[in-house]
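Enquirer: Protein chains in written order, with this note's numbering: chain A, 1 to 218; chain B, 1 to 212.
Hints may be right or wrong, so weigh each one.
Stated by the list, open to error - Residues from chain B that face chain A, not an exhaustive set, calculated with beta carbons under 10 angstroms:
(1) L31
(2) I32
(3) I33
(4) E57
(5) G147
(6) S157
(7) S178
Said to hold, decoys possible - Over the 10 angstroms line for every Cβ pair with chain A, so calculated as not near, a few chain B residues:
(8) G10
(9) S110
(10) Y186
(11) V189
As the list claims (entries may be wrong) - Straight-line distance between alpha carbons at most 20 angstroms, and here's what the computed SDA-like set of lysine to any residue pairs gives:
(12) K209/B - V48/A
(13) K49/A - G34/A
(14) K209/B - A55/A
(15) K215/A - L205/A
(16) K49/A - Y206/B
(17) K86/A - Y141/B
(18) K86/A - I168/A
(19) K146/A - I168/A
Quick caveat, the hints were computed from the structure, so don't treat them as lab data.
Glycine included, C-beta positions come from ideal geometry on N, C-alpha and C.
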Amino acid sequence: MLQNFIDAYSPDNLRYLLGGLWITILVSVVSIIGSFIIGSILGVIRYVKIKYLSAVVGFIIDVIRNLPLLLILFFTYFGLPNLGVKPEIIPAAILAMTIFESTMLAEIVRSGIQAVDSGQMEGARANGLTYWQGLWHIVLPQALVKMIPAIVSQFISLVKDTSLATIILLPEMLFRSQIIYGQNTNYIIPMFVAIALMYFIVCYLLSLLSRYLEKRQA
Amino acid sequence: MIHIFQAYGGTLLYGLGQTLLCSLIALIFSLIIGTFFALLEESPSKIGRRIARAYIELFRNIPLLVITMFFYVVFPLYVVKMNGFTAGTIGLTLYTSSFIAETVRAGIQSVDPGQMEGSRSNGFTYWQAMRYVVLPQAFRYVIPPLGNQFVNLVKNSSTLAFVGGFDLMYQGNVIASSSLETMAAYSAVGVLYLIITMPISYYMRYLEKRLA
Numbered sequence: 001m002l003q004n005f006i007d008a009y010s011p012d013n014l015r016y017l018l019g020g021l022w023i024t025i026l027v028s029v030v031s032i033i034g035s036f037i038i039g040s041i042l043g044v045i046r047y048v049k050i051k052y053l054s055a056v057v058g059f060i061i062d063v064i065r066n067l068p069l070l071l072i073l074f075f076t077y078f079g080l081p082n083l084g085v086k087p088e089i090i091p092a093a094i095l096a097m098t099i100f101e102s103t104m105l106a107e108i109v110r111s112g113i114q115a116v117d118s119g120q121m122e123g124a125r126a127n128g129l130t131y132w133q134g135l136w137h138i139v140l141p142q143a144l145v146k147m148i149p150a151i152v153s154q155f156i157s158l159v160k161d162t163s164l165a166t167i168i169l170l171p172e173m174l175f176r177s178q179i180i181y182g183q184n185t186n187y188i189i190p191m192f193v194a195i196a197l198m199y200f201i202v203c204y205l206l207s208l209l210s211r212y213l214e215k216r217q218a
Numbered sequence: 001m002i003h004i005f006q007a008y009g010g011t012l013l014y015g016l017g018q019t020l021l022c023s024l025i026a027l028i029f030s031l032i033i034g035t036f037f038a039l040l041e042e043s044p045s046k047i048g049r050r051i052a053r054a055y056i057e058l059f060r061n062i063p064l065l066v067i068t069m070f071f072y073v074v075f076p077l078y079v080v081k082m083n084g085f086t087a088g089t090i091g092l093t094l095y096t097s098s099f100i101a102e103t104v105r106a107g108i109q110s111v112d113p114g115q116m117e118g119s120r121s122n123g124f125t126y127w128q129a130m131r132y133v134v135l136p137q138a139f140r141y142v143i144p145p146l147g148n149q150f151v152n153l154v155k156n157s158s159t160l161a162f163v164g165g166f167d168l169m170y171q172g173n174v175i176a177s178s179s180l181e182t183m184a185a186y187s188a189v190g191v192l193y194l195i196i197t198m199p200i201s202y203y204m205r206y207l208e209k210r211l212a
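If we strip away everything but chain A, and leave its shape as in the complex, we get (with noise of 0.2 angstroms):
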């Protein structure tokens, strides 16, 4: 057993895995910078209460909010080239995670610009701002600012969210893992416990930042 796990982590293989969790990162990374540009937007929308615009707009976050991610990587994998679109896949499983992930932080932006006190706004509104001056500089700073554990959290989520990348042929951690003991089965405990500790170190150090975060704010 134990000269199982010697053979496992031979450099090569542990190469081959750390380059998966290379790709996990890299798709989590662009996935949440994305998510959260366009989250904020759809956030403010939901928020400021547009005519017809902002009830669409809820309509759509929560029907997408409410699917498996699972279910968007195929439309995006699989359904896109029916309309004659055919993406790589890594863009195919960055644009899912990303429609996926914005709607999340739709809901992070929206509930964070709620927490901020009212009078924030009517002193912005009373000293002669306009009403998107005041939600620009004075409220979405703040609010910002309540916010950041809340998407240390989804970043967590999506982090592990990348493993289901794996139907797509994403070569992330589980992917390759899973051509190391195809390749020999006494490969498959060793393979497994070293997937799972990768993501429980990055995810744990991450949900020990975002409780740290949560602290310094309380």
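With chain A fixed as given, assemble chain B onto it according to the hints.
Expert: For chain B alone, coordinates are given in the frame of chain A:
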């Protein structure tokens, strides 16, 4: 999309049934396990708190798919044979139980500590006070977040498709590849998921507003 329902209605309904079945089983067991670990973490025992913390952190920080694949790939080799549905449901239960433990714990903490002190000074033991005074109040706060966990559970049950669990997602793939109309097939699946998840999340939002 409508012709997909007409041609594959039975398959889709069967998948929907499997998804609901697996979600309900996982919900019941993860509520039991989650409440147990929440109580353990709030208990006076130091070792108990450590064990609960370790359990929660372990299953919160490993992807659901890795947990499920572990039960689907590793367990049959060394322990006991199981089908995809069982492996998927076990994975889902363990994963969700760690989130439910955190939710219930937050609920217990939101109950005024005076409640516990009051019942202790009235002669209740710690566990009696927990069972009859604190937990009933905690669960009232916890119902909206638990409902949201159930929505997540239904969405996450799509991982059963990876292990051949014959759930909605799995059937959607089967239909997509046999009808070659991927967009229509996945839309039909999406509609069925929304029929379950949307009403629950709207109702929970309503409850949240009423409690606040």
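Enquirer: Against chain A, with CB atoms and a cut of 10 angstroms, does the hint on S157/B hold up?
Expert: For S157/B, the interface hint holds, since the closest Cβ of chain A sits about 8 angstroms away, which is under 10 angstroms.
Enquirer: Quick one: work out the minimum CB distance from G10/B to chain A and report holds if it exceeds 10 angstroms, violated otherwise.
Expert: At roughly 20 angstroms from the nearest Cβ of chain A, G10/B sits farther out than 10 angstroms, so the non-interface label holds.
Enquirer: Given the proposed pairing of K209/B with A55/A, does the C-alpha separation stay at or below 20 angstroms?
Expert: holds, 18 angstroms
Enquirer: Hey, K86/A versus I168/A, does the alpha-carbon distance stay inside 20 angstroms?
Expert: holds, 13 angstroms
Enquirer: Verify the interface restraint on E57/B: the C-beta must sit less than 10 angstroms from at least one C-beta of chain A.
Expert: holds, 6 angstroms
Enquirer: Against chain A, is S178/B within 10 angstroms by beta-carbon distance?
Expert: violated, 13 angstroms
Enquirer: Closest CB-CB distance from V189/B to chain A, is it above 10 angstroms?
Expert: violated, 6 angstroms
Enquirer: Between the alpha carbons of K146/A and I168/A, is the straight-line distance 20 angstroms or under?
Expert: violated, 36 angstroms
Enquirer: Against chain A, does S110/B hold up as non-interface, every C-beta pair farther apart than 10 angstroms?
Expert: holds, 15 angstroms
Enquirer: When you check the alpha-carbon spacing of K49/A and G34/A, does it fall within 20 angstroms?
Expert: Violated - the C-alpha atoms of G34/A and K49/A are around 23 angstroms apart, more than 20 angstroms.
Enquirer: Please verify that hint: I33/B, Cβ, nearest Cβ of chain A, below 10 angstroms or not.
Expert: violated, 19 angstroms
Enquirer: Against chain A, does Y186/B keep a CB gap of more than 10 angstroms to every residue?
Expert: Answer for Y186/B: violated, closest chain A Cβ roughly 5 angstroms.
In the structure shown, a violation is registered for the earlier hints numbered 1, 2, 3, 5, 7, 10, 11, 13, 17 and 19, in ascending order.
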